[in-house]
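Got chain A sorted already, so can you dock chain B onto it with the hints?
As given, the protein sequences belong to chains A and B, one line each in that order. This note's numbering numbers the first residue of the first sequence as 1 and each following residue consecutively. This note's numbering numbers the first residue of the second sequence as 1 and each following residue consecutively.
Hints were generated in silico from the structure; no laboratory data involved. All figures in this text were calculated on a predicted structure; none of them were measured in a lab. Even glycine gets a Cβ: it sits at the ideal position worked out from N, Cα and C. Take the hints with a grain of salt, since some may be wrong.
Stated by the list, open to error - Not everything, but these chain A residues come out facing chain B in the computed CB check (under 7 Å):
| id | residue |
| --- | --- |
| 1 | PRO113 |
| 2 | SER125 |
| 3 | THR128 |
| 4 | ALA132 |
| 5 | GLN136 |
| 6 | SER174 |
| 7 | LEU206 |
| 8 | SER208 |
| 9 | SER211 |
| 10 | PRO212 |
| 11 | MET213 |
| 12 | ALA216 |
| 13 | PHE220 |
| 14 | ALA249 |
| 15 | ILE251 |
What the hints assert, rightly or not - Computed far set for chain B versus chain A, every beta-carbon distance over 12 Å:
| id | residue |
| --- | --- |
| 16 | LEU49 |
| 17 | ARG51 |
| 18 | ARG99 |
| 19 | ILE191 |
| 20 | ASP192 |
| 21 | LYS214 |
| 22 | SER221 |
| 23 | ASP276 |
| 24 | LEU295 |
| 25 | GLY299 |
| 26 | LEU317 |
| 27 | ILE325 |
| 28 | ASP331 |
| 29 | PRO340 |
| 30 | LYS344 |
Read off the chains here:
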Amino acid sequence: MSLHGLEEYLPSLVQFCLSVLRISLPLSLAAIAGFWSERSGTPQVGLEGFLLLGALAGATLVKLTDSMPMGFALTLMIGAAGGMLFYWLACRIAINAILVGLIFNLLIAGIAPFITKLIFGSTGSTPTLDPALRWQFFPYLWAAGILIVSLILFHRTGFGLLVKFAGLKPEVISSAGFSLSTVQMCSLILCGVISTSGGFILSTYLASCYSPMMSAGRGFMALAALIFARWDLPRTFAMAIAFGFFEAAQIYLQSVNSPLPSQFYQALPYLMTLVVLGLRRQGLSEMA
Amino acid sequence: MRKSRALRIASLVSSLTLLAFLSTSSRADITNVPANLSPPQKLRVALVLDRGGKNDNSFNSAAYAGAMRAKKELGITMKYVESPDILAFETLNRALAKRNYDLIIAIGFGQSDAQRRVAPQFPKIHFAIIDGRVDGPNVKSILFQEHEGSYLVGAIAAMKSKTHKIGFIGGMDIPLIRRFERGYIAGARSIDSKVQVVNQYIGMTAEAWNNPAKAKEMALSQYHQNADIVFVAAGASGTGVFDAADETHNFAIGVDSNQNWMKPGHILTSMVKKVDVAVYDVIREELNHAFKPGLQIFGLNNNGIDYSVDQYNQNLLDKTDLEKIESIKNDIIAGRIEVPDYYKMKK
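Extracted from the complex, chain A is given alone in its bound form (with noise of 0.2 Å):
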């Protein structure tokens, strides 16, 4: 391509960069989330949970507080709470993390039309948010801040440590004076609080309402993203950004015209996750 031809083409390239980082922003925050709890040790299937219930909350509390500020703080204390009583039944009732984090995707598709009914009387959708409450560039600061601050955290502090410690060999813990289950409780907290942030930003500022089930499977895409990168965190975010960049192609790429029909091009982003799972089935008993 000539260098006056990629001019011409520029403007649409920015435009595609920044779909890729928008797409990405609740998959990156679901995959980093996903990376505390199994790094402590416990599996994580609750991912597209967590989701659902930040984007819930998220609109439901901007739309009754009238402040973008105040739900979130709202939204990440949810989520908090929601890290909490994942903890208290995978950790301290033991029962299976993987029944857990099916049973709390479930719980929360299941609540949800409740609260909309309660709310809002309707078990629809929520009413829209005025455009004048939304952020502009918030979303990826939190986003940088919270890979930022996870790097510090796992890399360079000693609570990093004993989280690594948590999830290769949890033994060693308790020996050295410590308590696993503060460890994995604060892990999961941590958790809770990242993946429902990523739904906040689902649904204040990718759309401006909560929709059911509006998560629609990004939270297994971001679990495929942080097995795919062997729970390596910069090469989680690299894989959450890829994915990113699929689902973001795919909806360029069906509106050009192609010889294939759409269908294949809407199935690639899950293609991509279903190979990913596929090729690195046994790195999944290696972590989790």
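Leaving out everything else, chain B in the frame of chain A:
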């Protein structure tokens, strides 16, 4: 000891989950009061809404509005239920039939199978289904000529487009939505033979009706490719397209209900399916003992399909535009324009 406690709690949580899922539907089963104890004074009508719920500002909202109008004007007893997922359709229809409602109206093509199974078991109860076709001596199927209205808004889009490029975003990729798409493209081509139409579908599962984030992303990609008007037929996902139109200062076209008010100044018009009229009419027929089973078709000719002009978009369409649109509308009604129908096309 520890294990059994864990199991108990696990089962408690899962049964709570189930309860949350089913609570709206199961209530009807528990209180199965025989109706002949106290013959009801008023006509009893039940409305089973599709997954979008009564606040989807689109298809279901229209059905709900029609039923509410009937309740107010005709003095009937009206109960509406919203289905949390497609598996509940049959249960809801059956539970309401068991409670001896006189007329049960199901909204959405997804309930066809449910009514096909339930209606024969309750021959004395009348059923109506919107957007689906169910044959039976006690079922009325109401269909809309979506392609006619889509043709009309396609023509409007081509008239108002400055870039000669317009877009279409469908929800779930099903024949019903393809019907919108084909009509829209044909209408646009009739005005501007060189107009480019970008068409996209959100997904292949029912999640597509509830994915505003993806709908918005699609609309942004279309607007950035220079399409300046996008027609969206995607249920509750439509709000995402309206947000994108607002942010990029372009136009969108709404669907099913009159959605012009949702982003005033950015919604060119709405392709209105008068589901409210259909629901109201079938209730009135039932009240007058004039219920007719079989197929009823709403199109441009009987005002079942239309485009909307109100205070929110009257500045966007001027007098010459409206005259032109009206003449196309009359041509379709008179049969001078033949609108391609996806259902009748060779695939």
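Cross-check of the supplied hints:
no.	hint	in the structure
1	PRO113	holds (5 Å)
2	SER125	holds (5 Å)
3	THR128	holds (6 Å)
4	ALA132	violated (11 Å)
5	GLN136	violated (10 Å)
6	SER174	violated (18 Å)
7	LEU206	holds (4 Å)
8	SER208	holds (5 Å)
9	SER211	holds (4 Å)
10	PRO212	holds (5 Å)
11	MET213	holds (6 Å)
12	ALA216	holds (5 Å)
13	PHE220	violated (12 Å)
14	ALA249	violated (10 Å)
15	ILE251	holds (5 Å)
16	LEU49	violated (8 Å)
17	ARG51	violated (7 Å)
18	ARG99	holds (20 Å)
19	ILE191	holds (21 Å)
20	ASP192	holds (18 Å)
21	LYS214	violated (7 Å)
22	SER221	violated (5 Å)
23	ASP276	holds (17 Å)
24	LEU295	holds (29 Å)
25	GLY299	holds (28 Å)
26	LEU317	holds (24 Å)
27	ILE325	holds (27 Å)
28	ASP331	holds (30 Å)
29	PRO340	holds (19 Å)
30	LYS344	holds (21 Å)
The structure fails hints 4, 5, 6, 13, 14, 16, 17, 21 and 22 (numbered hints given earlier, in ascending order).
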